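J.: Order-wise, the sequence lines are chains D and P. First residue of the first sequence: 1, per the working numbering; consecutive thereafter. First residue of the second sequence: 390, per the working numbering; consecutive thereafter.
What the hints contain is simulated information worked out from the structure, not anything from laboratory work. Given the structure is predicted, the values throughout are model-derived calculations rather than measurements. The beta carbon of each residue, even a glycine, is placed where N, CA and C say it ideally should be. Honestly, I wouldn't trust all of these hints.
[Unchecked claim] Facing chain P, from chain D, some residues (calculated, C-beta under 8 Å): (1) Ser38; (2) Gly236; (3) Tyr240; (4) Pro252.
[Unchecked claim] Listed below are several chain D residues computed to face chain P (Cβ distance under 7 Å; list not exhaustive): (5) Ile27; (6) Pro194; (7) Asp196; (8) Ala241; (9) Glu253.
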Amino acid sequence: MNMIYLDNAATSFPKPRCVYEAVDRCICNYCGNPGRGSHPMALAAADKIYECREKLANYFHAASAEQIVFTLNATYALNWMIKGLLRPGDHVLISDMEHNAVWRPIERLARDGRISYDVFPTMVGEEDARLARNPTRICARIAARLKPQTRAVICSHQSNICSAHLPLSEIGAFCHRHHLLFLVDASQSAGHLPIDMQAMHIDGLCAPGHKGMYGIQGCGFAVLGERIVPDTLIEGGSGYASLDAAMPDLLPERGEAGTLPTPAIAGLCAGVSYLNRTDLTDVAAHERMLFRRLNERLQSLPNYHVYLPEHEGSTLMFHRDGIAADKIGQYLAHRGICVRTGYHCAALGHKTLRTPDGGGVRVSFGLFNRPRDVDVLYGALRDMEREMK
Amino acid sequence: MRSNKQTSNGGILVAVVGSMTAAQRAQRALLSAAIRADIVKSDSESGRGCSYGVAFPASQQNNVRTILSATHINVRRYSQDAWSIL
Numbered sequence: 001m002n003m004i005y006l007d008n009a010a011t012s013f014p015k016p017r018c019v020y021e022a023v024d025r026c027i028c029n030y031c032g033n034p035g036r037g038s039h040p041m042a043l044a045a046a047d048k049i050y051e052c053r054e055k056l057a058n059y060f061h062a063a064s065a066e067q068i069v070f071t072l073n074a075t076y077a078l079n080w081m082i083k084g085l086l087r088p089g090d091h092v093l094i095s096d097m098e099h100n101a102v103w104r105p106i107e108r109l110a111r112d113g114r115i116s117y118d119v120f121p122t123m124v125g126e127e128d129a130r131l132a133r134n135p136t137r138i139c140a141r142i143a144a145r146l147k148p149q150t151r152a153v154i155c156s157h158q159s160n161i162c163s164a165h166l167p168l169s170e171i172g173a174f175c176h177r178h179h180l181l182f183l184v185d186a187s188q189s190a191g192h193l194p195i196d197m198q199a200m201h202i203d204g205l206c207a208p209g210h211k212g213m214y215g216i217q218g219c220g221f222a223v224l225g226e227r228i229v230p231d232t233l234i235e236g237g238s239g240y241a242s243l244d245a246a247m248p249d250l251l252p253e254r255g256e257a258g259t260l261p262t263p264a265i266a267g268l269c270a271g272v273s274y275l276n277r278t279d280l281t282d283v284a285a286h287e288r289m290l291f292r293r294l295n296e297r298l299q300s301l302p303n304y305h306v307y308l309p310e311h312e313g314s315t316l317m318f319h320r321d322g323i324a325a326d327k328i329g330q331y332l333a334h335r336g337i338c339v340r341t342g343y344h345c346a347a348l349g350h351k352t353l354r355t356p357d358g359g360g361v362r363v364s365f366g367l368f369n370r371p372r373d374v375d376v377l378y379g380a381l382r383d384m385e386r387e388m389k
Numbered sequence: 390m391r392s393n394k395q396t397s398n399g400g401i402l403v404a405v406v407g408s409m410t411a412a413q414r415a416q417r418a419l420l421s422a423a424i425r426a427d428i429v430k431s432d433s434e435s436g437r438g439c440s441y442g443v444a445f446p447a448s449q450q451n452n453v454r455t456i457l458s459a460t461h462i463n464v465r466r467y468s469q470d471a472w473s474i475l
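Okay, chain P solo, but in the shape it has when bound (with noise of 0.2 Å):
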């Protein structure tokens, strides 16, 4: 089993936003701001079968939730991940 590694404030999150394109375009867009992410499967997130997101430091929800709405990617849900290690 993968250890979950905390970050210092509050562990990871991820975004869940759907297909592998989708979440590249994500990962982009955080780490043009400085935002480490990471390409996960989040298919047990989706509801709809396979499913990708980006796994970032909970400490930057407000700054990924306002780059991703701002280079308008559709994110269906955020969702503690108590398996990505950043």
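The following block holds chain D by itself, in its conformation from the complex (with noise of 0.2 Å):
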């Protein structure tokens, strides 16, 4: 059986070949402790993570590649940046969007009383979906909500159910305007959309490795500013200053502590190389392309709702009514087709979208999906409508 493969917001695949030949090299020979020993090996894995460093700040227009720190994912960065900046007091302004990796934290600050928080509405169902795009109202929803303890703006790029993105300059230039912290998760937007740390007044931005950036799992980043250093989220050795109790004040190790998943990071820099090979307004035209096909195909199909179907993108997400979610899923799934179904990880956007029960049925692509892939789902979701007749 042929695999489809349309879950690439949760993670891309195939990666191209220059990854996984990237990652075998390094296991195979190079795959030293970086960053702690002065011998070749160790040496020499630490040269990859430095060259990755460099290239990812040149990605995101960041301001040296010590503002690089590697994280074991986009959670964990996010965390590290949420827990380690925002103090007692603090108020914090979050989209109606949000993944449960910025949602999740900034509730369990409130929780335990250290901070409080509010959310800015991004849409207000299907109906009004055309004013995300529109930037003066997103500003205004913000700024109706400060506080004079408001301390930072955080919010996702582009959402992981649907491909309704955040005006981030815009947004950014309000945040630089009102002395507020901006802080950005790229995780779906990473190696999809045009990122500019400084253009767009950035001041920590969070990404995985292995979803747009075309790594392989086991690292995400945060990229800070130059006015940011979160505290420390977890302590242990950093390959310098270990007679010292506390960890050491210099980015990038103050956030790197324990061994870094050299192998990992060794993929991530072949997929920043590849992406720079890339040009972006090609992938976004071709990612567009395929959310057309699907919605014009979906369209046509009774019962079925696409959600905001004007915002063409990486990500589609439909329902369809009198059938779960989860039973499309598995039907595909039988078929060899990978989608993700449910609530994907983000309470906050499925509330905003008003999904019924059980979510909605996710569609993801990627660079080397093509425009069989579409029609081949639509195939199957076609015999699936024969089949219950």
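Bring the two chains, given one by one in their own frames, into a single complex with the hints.
T.: Here it is, written out as structure tokens:
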């Protein structure tokens, strides 16, 4: 059975060949412990990691390679940023489309009485979806919720359940004017949409290595602006100042206790190189084409509803009246078609989009999907409809 | 024991900078000015435990000081190195 992979928002597959080769080379040839020894294997591993820092810094227009801090994944990076920067009494604004990786740590801090937060709406149901693209309206909604103790705006660039994305440039400029920290979850946009930390006034950006950046699972990263150094989330070995009881002050080591996943970082480094050879405009156009193709086909089926169809991009979510999303996912899985169903760890987003019980069926595209993949999915859904009669 | 290969002008110095990442930045800054620099462990020089530095020909000391200062790399100390081979 041929597999059709349409779950790139969870993790991209396949990876470019250069990524597999880079991981293999690392494991086989130079997988010493980076930043610990000074023998050739350790130095070679450290060299690859620094190369990746430099590439990521260039890619996101960060001030220097030292501003790149590797983490286990984007969730870890977000937790580090949120818990390491916010202080007792702070007030925070998050969007109504946040992933649980933002909402849960914020909610935890609020439940513990350390901070307070409000949610700013980016859209009011499908009928108002066009407004999500109106930066002025979104900034006005943020402004209406500002308090004297508001310290940060935290939001995802692109939702993980649809292709709506927030206007980072305008929100960043707003935060800059109001002296607010601007922290961005780029889990779904890194590698899909252009991001310029400096032009967008982003203080902290978090992303996984294994989604749009085309690395393998095992590492994520935070890109820090020059005015923030979050407190540590965990402490441990850092490879230097080891007689001190406290973690060192210097970035990136301050945020990188323990051994880094060199093979995953080597893969990410190759992924960034691949993206540097790829025009992001072409990637976005390709994903929009696939979105449009699927949307047109689903619209032709009775009882199917696509969420925010006017927001074309890498992710499309739909539901079918009368059939729970997980049953559709199960049917498709038997046909070798990989999609993700349910609530996608995005309680706020599902509430905002008013999905039915059981959530929705998410189809997420990547660079290597082809129109035929959409047609096979559509064919399978039509078969399912026939079999139900 | 490793031999100390003396350069033509006074041997080898180490700029002790602290972390591996700081040493990598220093190394790249020096290499871009065509100054050979190797990353070495300098634990015994730091006073704070594990540490890294860059070893370079002592003949380049003035240039190295200028370059590392210009690139805002905090050098904790410069020390003679009888062990590095450049």
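J.: Give me the numbers of the hints this structure contradicts, sorted from smallest to largest.
T.: Structure breaks hints 2, 5, 6, 7.
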